[in-house]
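Peer 1: Each chain, letter by letter, is given below.
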Amino acid sequence: MNCTNVRERLPLLLYKDLSPEEIEHVKEHLTECPACRGDYASLQEIQGMLDRVSSPGVSVSASALFRQAVEIQAAQSRRWRRAAMALAGIAAVVIAVLVFRLEIRLGREQVLISWGNPIPIPDSVTNGKAVSVTLTQTDGPNPPASEAELQPMRGLIYALADDLDKLSREFEARDHRQQQAITRLQENMAQVRLLIQRQLTARQVVLDSSKKGEDQ
Amino acid sequence: MGNEETDLFPGWQNGDPAAFSALVRHWQAPIARFLFHYVGRKDLVQDLCQEVFLRVFLAAPRYRERGELSAWLYRIALNVARDRARRGRLDVTPLMDFDIASDLPAPGDRFERHETSQLVCRAVAELPEPLRLVLILRHYENMNFEQMARLLGTPASTLKSRFTAALNILRQRLGHLAPDNEESKK
Chain A
0 MNCTNVRERL PLLLYKDLSP EEIEHVKEHL TECPACRGDY ASLQEIQGML
50 DRVSSPGVSV SASALFRQAV EIQAAQSRRW RRAAMALAGI AAVVIAVLVF
100 RLEIRLGREQ VLISWGNPIP IPDSVTNGKA VSVTLTQTDG PNPPASEAEL
150 QPMRGLIYAL ADDLDKLSRE FEARDHRQQQ AITRLQENMA QVRLLIQRQL
200 TARQVVLDSS KKGEDQ
Chain B
0 MGNEETDLFP GWQNGDPAAF SALVRHWQAP IARFLFHYVG RKDLVQDLCQ
50 EVFLRVFLAA PRYRERGELS AWLYRIALNV ARDRARRGRL DVTPLMDFDI
100 ASDLPAPGDR FERHETSQLV CRAVAELPEP LRLVLILRHY ENMNFEQMAR
150 LLGTPASTLK SRFTAALNIL RQRLGHLAPD NEESKK
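Protein sequences appear in the order of chains A and B.
Under numbering that gives the first Met the number 0, the first residue of the first sequence carries the number 0, and numbering increases by one thereafter.
Under numbering that gives the first Met the number 0, the first residue of the second sequence carries the number 0, and numbering increases by one thereafter.
Honestly, the hints are just simulated from the structure, not real lab data.
Note that the Cβ used here is the ideal one computed from N, Cα and C, for glycine as well.
One or more of the hints may lead you astray.
[What the hints assert, rightly or not] Which bits of chain A does chain B cover? Going by a derived footprint, with three or more residues having C-beta under 8 angstroms, they are:
| hint | segment |
| --- | --- |
| 1 | 37-49 |
| 2 | 63-75 |
[What the hints assert, rightly or not] Just the calculated beta-carbon pair ranges, DEER-fashion:
| hint | chain 1 | residue 1 | chain 2 | residue 2 | range |
| --- | --- | --- | --- | --- | --- |
| 3 | B | E67 | A | A95 | 48 to 56 angstroms |
| 4 | A | S58 | B | E114 | 23 to 31 angstroms |
| 5 | B | P60 | A | A82 | 20 to 28 angstroms |
| 6 | B | G174 | A | A63 | 41 to 49 angstroms |
| 7 | A | G47 | B | R65 | 30 to 38 angstroms |
| 8 | B | D82 | A | E102 | 46 to 54 angstroms |
Kindly produce the complete structure, drawing on both the sequences and the hints.
Peer 2: As structure tokens, this is what we get:
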């Protein structure tokens, strides 16, 4: 073995990781080569230095560890539950879209929800004060919101406003009538009270005069 | 794996707190030593150790007993240290207070040894990660190269080359600290 081969094996000799045969060859070389012997001695010094570094003592808290583990498992369980709910929601939407052909359109002034086979959307009708339909089963392609479609909604709103006005006027009239009735009742009660007082006074006069007659 | 560990095995794997506490007591010192030499910082060891055993506890039901508990634990410890390094929380350059071996003679020598110990730790911490890992496992954890090969998934011959390289680098960096160095030059 030459010096290069021996120097490659010196760390392994130091840590007893060579075969007996290799140990014999390396040791034989070391007895003859002062330079390799010096290298081996310096490696032994390094080994000693490494030995002299001691590691810090630690104390792992088992109770803290169990608490952390419980918290982590609870958080994982919450995450799984949320994920499952989100998946269920997505599945429901997919089923609704594919099976029931649900379609939702957001216009500037309306939300259109339709399902079923495609047919033309019937014109919404404002019949007197009837409510126009925006939630409908359609069989046709849904046209975008237009002035004609918005007309029934306007009619509905105007009709509702008229109804509110009428109701308001009726309530006012009823209030007025009730107020008048209360006033009349109060007047009648005052008249009755006056009449009773007069009768009592007359009776007292009669009693007083009869008492005077008896005394005489 | 010793008999004591084998006896504890079913208990800690099924979440028995007493068995798991015994496992922690048995392994916390070797794992702490490994982490300390790997990260080169004393202040991080307690925290890293706690994380290692937390992962062990959570992963216990998935562990299959094949007589490789120590390799499994060191692999978890290595992953924890590497994760922390990836998150950029390991700065091995500033050395903390290192303990030195307790057989210290005089105060003067103690100071010198403390200095030497710091320099040795710095030199180890500054080794390239693959070399540092092999050096720690061989010197401090007393693993042979076949065990290391199974743990790291690297051929034993490659690990031997790394170990030789690591020691030679340390010899170059720390050779001047050897007391006999001056004499050998003369």
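Peer 1: It remains to establish, for every hint, whether it holds in the given structure.
Peer 2: Going through the hints against the structure:
no. : hint                               : in the structure
1   : 37-49                              : holds (count 10)
2   : 63-75                              : holds (count 7)
3   : B:E67 x A:A95: 48 to 56 angstroms  : 52 angstroms, holds
4   : A:S58 x B:E114: 23 to 31 angstroms : 28 angstroms, holds
5   : B:P60 x A:A82: 20 to 28 angstroms  : 21 angstroms, holds
6   : B:G174 x A:A63: 41 to 49 angstroms : 44 angstroms, holds
7   : A:G47 x B:R65: 30 to 38 angstroms  : 37 angstroms, holds
8   : B:D82 x A:E102: 46 to 54 angstroms : 48 angstroms, holds
Every hint from the earlier list agrees with this structure, and none is contradicted.
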